[in-house]
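Protein chains in written order, with the working numbering: chain W, 5 to 333; chain Z, 24 to 286; chain H, 31 to 384.
Please note that the accuracy of each hint is not assured.
Lysine to any residue pairs mimicking SDA-like chemistry, simulated, CA-CA at most 25 Å apart [said to hold, decoys possible]: (1) W:LYS200 x W:VAL241; (2) H:LYS56 x Z:ALA147; (3) H:LYS40 x Z:SER126.
If you're looking for bench data, these hints aren't it; they were derived computationally from the structure.
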Amino acid sequence: MNIFQKRWMTWVLFGLLAVGAFAPLFSADTRLPQWLEVVLGGLMSGVLYSLVALGLVLIFKASGVFNFAQGAMVLFAALSLVRLMEKMPFAVALAVTVLIMIAVAWLIERLVLRPLVNQEGIVLFMATLGIAYFLDGLGQTIWGSDIYTLDVGMPKEPKILLESVFEGGILVGMEDVIAALISATLVAVLALFFQKTGTGRALRAVADDHQAAQSIGIPLNRIWVIVWTVSGLVALVAGIIWGSKLGVQFSLQLVALKALPVVILGGFTSIPGAIIGGLIIGLGEKISEVYLGPMLGGGIENWFAYVLALVFLLFRPEGLFGERHIDRV
Amino acid sequence: MTGKGRQFGEVILKVENISLAFGGVKALTDISFDVREHEIRAIIGPNGAGKSSMLNVINGVYHPQHGRVTYRGETRHAMEPHHAAAMGIARTFQSLALFKGMSVLDNLLAGRNLMIRSNIFLQALRVGPALREEVHHRKRVEEIIDFLEIQHVRKTPVGRLPYGLQKRVDLGRALAAEPKVLLLDEPMAGMNVEEKQDMCRFILDVNDEFGTTIVLIEHDMGVVMDLSDRVAVLDYGKLIGDGTPDEVRSNQAVIDAYLGVKH
Amino acid sequence: MIYRETGQYKTSYESDQQLFPILQDKAFILIVLAFVFGAVPFLASEYLFRAILIPFLILALAAIGLNILVGFCGQVSLGTGGFMAVGAYAAYNLAIRLPDLNLLVVFLLAGAAATVVGVLFGLPSLRIKGFYLAVATLAAQFFLDWAFARIGWFTNYAPSGSVTAPAIRIFGYTFASPVEKYLLVLAIVCIFALVARNLTRGAIGRSWMAMRDMDVAAEVIGIRPLYAKVTAFAVSSFFVGLAGALWAFVYLGAWEPLAFDVNRSFQLLFMVIIGGLGSILGSFLGAAFIVILPLMLNQMPGWLGMELSTALISHIEVMVFGTLIIFFLIVEPHGLARLWAIGKEKLRLWPFPH
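The task is simple: from the sequences and hints, build the whole structure.
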């Protein structure tokens with residue numbers, strides 16, 4: 005795979021990250037099982053970041069839009085589901101929410117993307133800021149703004165692993181394991197969908213050149229509805245998982261927004277980048293919060309992902325696996 | 024009509040053994056030629072021959088993997104764009120690269136930004152030297168506006184002008200810098216006959232009145248053969264011919280490249 | 031007097047390059063200035079000063095700063111709130127640690143502090159652009175939020191994290207009443223609006239706009255990207271930092287880090303988009319619009335005889351902002367300022383439309 009052959013800087017950055025991840029082990033206070041718990045927890049929450057980031061990459065590749073509204077979509081989907089579940093069985097509520105997300109995708113294509121076709125990326129980005137605000141306002145106007153408990157039957161009790169190896173074993177939340185498995189499956193499905201299917205190929209053609217794709221008969225508008233629907237559904241899954249863990253509330257979207265630094269880190273156009281970026285951010289965030297947090301006064305999780313992305317940007321502006329861009333004049 | 028009896032100076036610009044590749048794609052291979060002071064030098068060739076890349080190497084937008092660029096006695100491996108600008112190389116662009124949101128005046132004035140001496144604090148207060156500078160540069164820019172006959176649109180945002188006028192503004196912005204060497208990338212592309220004639224007149228006048236050396240890429244063979252003193256021919260990134268229009272016209276390799284050759 | 035430039039011949043480039051080359055414009059702006067300085071202090075109510083005029087002016091100043099970066103130089107920032115916080119906390123620390131320092135100097139130094147931080151976080155802009163930069167500035171926002179909340183030194187170890195600004199005393203005079211505060215802010219904002227206007231129509235402004243419109247071409251005509259972008263970040267952050275200091279000292283009086291969170295950044299970006307990217311006037315119009323709109327929305331249900339909860343109204347407000355952003359981006363990317371300009375064009379021809 006040639007993505008790993010790129011430049012020594014990537015390796016230096018990877019090296020530094022590895023050093024950072026393993027550093028706590030050299031401190032006398034760190035217990036190995038506890039460190040393993042942190043690493044596992046970080047990777048598992050990272051898979052979820054990867055999933056949301058994949059939604060972002062998909063939209064970016066197909067429509068050149070850097071979707072700031074992804075976080076709002078997560079919140080909106082979760083809110084819709086949790087409030088509908090009060091009135092109907094889970095399966096029906098889920099189906100209705102899926103329909104709602106499809107409608108949202110269709111409306112976004114119709115009312116925002118189509119009028120702004122061929123505009124600069126930055127204008128589209130600001131438009132998604134508008135979408136984010138609109139969805140936030142709409143969601144809370146219709147569904148309310150309290151904290152709602154979402155119970156989809158995820159097992160809550162933790163499980164103890166490797167008891168025979170370590171004294172006391174390592175504690176793993178079953179909820180996290182299931183969430184990670186679901187996300188990992190979806191990540192794999194999406195990656196395959198993009199690489200192997202005809203629709204995926206059409207998406208990639210659109211990503212390269214809108215007008216050229218249109219001229220060879222690829223229906224641009226339908227493609228956009230598809231990618232926005234897919235990322236709406238990704239948002240729904242992420243919303244269910246985070247919502248059942250943290251409760252459905254406004255701060256969900258801040259969690260989901262961490263997918264932004266993930267794609268920056270991995271490179272906008274790269275699916276492996278989104279996956280690895282998610283894992284790096286998930287892991288880095290947990291390790292720094294647990295081992296650096298006490299020294300710095302806590303709350304590092306709020307900015308760690310962004311600052312890490314910023315540092316990467318300084319040394320590899322196109323992200324880990326992104327494509328270098330040549331300006332033509 | 025030109026070329027006969029014209030006096031040229033020393034070699035002002037020389038490229039030697041330039042090779043440029045993007046990834047695995049070779050854009051230019053081992054290209055060498057020179058440009059003399061005051062001459063009109065054309066670069067021609069089929070689409071994708073590497074003409075624009077050549078200009079981009081000369082003024083430092085692209086950095087070649089091999090070769091040297093010698094300009095006014097200074098030899099370097101590659102130019103930097105703003106350094107090239109500071110040393111008197113200006114250019115126009117094939118696909119218009121104007122500052123669309125700015126007025127014609129501001130586009131031209133931006134071409135003279137290199138000459139601004141007053142610092143940011145003086146500019147903030149717009150007093151003394153800063154104000155005098157603005158007025159001085161405005162005068163010089165107005166001369167170019169008169170020369171190009173675009174007085175009536177001087178305060179219009181460039182993005183709203185028709186294509187032909189935009190091409191003129193592009194030339195005006197380059198001229199505003201009072202360059203020694205002017206690189207023109209297809210200045211007449213997409214123009215009708217009348218507009219082409221105007222543009223030819225402007226180019227000849229610039230060359231005549233200001234003594235500006237001109238390096239020109241153009242597709243219209245009639246225009247090239249009329250205007251230029253010497254012609255370099257590129258094909259697939261290689262130099263296949265170099266000489267006066269007459270020499271190039273009778274060069275077999277050039278004829279083959281343009282008319283196609285039986286294999 | 032009909033709005034005309036007929037008969038006003040300009041005989042020199044100096045006169046054509048004046049701030050307001052048309053006589054009627056000059057008269058208009060003088061009347062406006064006379065009104066806001068001379069009449070408003072006697073006419074407006076205390077509520078008007080406190081709830082509308084003072085926040086409007088300060089946010090307009092911050093919006094001008096952001097507009098320089100986004101509208102003129104084309105670099106999007108989502109960290110404006112954080113840079114305002116830098117100004118606010120710099121002013122606070124200067125004022126309590128160096129009580130003898132003139133408060134005007136404190137405000138200017140607060141702007142300078144924001145400049146330093148702004149340039150630091152702006153440096154990545156040399157290698158990245160567009161939404162990459164937006165995320166980089168988001169990093170600045172979240173990091174600064176955290177720093178002011180968690181690092182005790184910035185808040186002078188206030189246990190609640192909330193700090194109170196000292197009284198506003200300048201040259202021995204205390205600005206206590208809303209009218210006095212209004213006049214102070216108005217004077218500062220007018221001066222810096224003029225500075226912004228001068229910069230944006232001068233050489234440096236041209237280099238910013240050139241970077242915005244076509245960066246490769248800008249480099250080819252000799253504009254150094256480093257200088258253009260760093261100065262844009264520096265000037266922008268100065269304005270934003272100064273506005274932050276005024277916001278904290280004059281408008282809020284006492285505040286906690288939440289006053290400058292990411293929503294503030296969005297609010298300012300919205301002002302710039304709605305008011306008009308690349309327009310100083312637009313910054314004022316956008317600020318006015320966004321200060322007044324929520325007040326209107328709050329009143330509206332009452333006028334229509336509806337009873338809505340405050341929470342609901344605030345959600346509707348968010349929705350309306352989102353819709354307006356999309357609307358303006360699609361229909362009029364140059365915002366209210368462009369509508370103003372179109373109005374003026376029409377007025378120039380009126381009453382003879384052909």
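>> Would the hint linking LYS200 of chain W and VAL241 of chain W be met if the CA-CA limit is 25 Å?
In response: Roughly 23 Å between the alpha carbons, so the hint for LYS200 of chain W and VAL241 of chain W holds.
>> So if I understand the rule, the pair passes when the alpha-carbon distance is 25 Å or less; does LYS40 of chain H with SER126 of chain Z pass?
In response: holds (19 Å)
>> Does ALA147 of chain Z sit within 25 Å of LYS56 of chain H, going by the straight-line distance between their CA atoms?
In response: holds (20 Å)
Consistency with the previously given hints is maintained throughout, with no hint failing.
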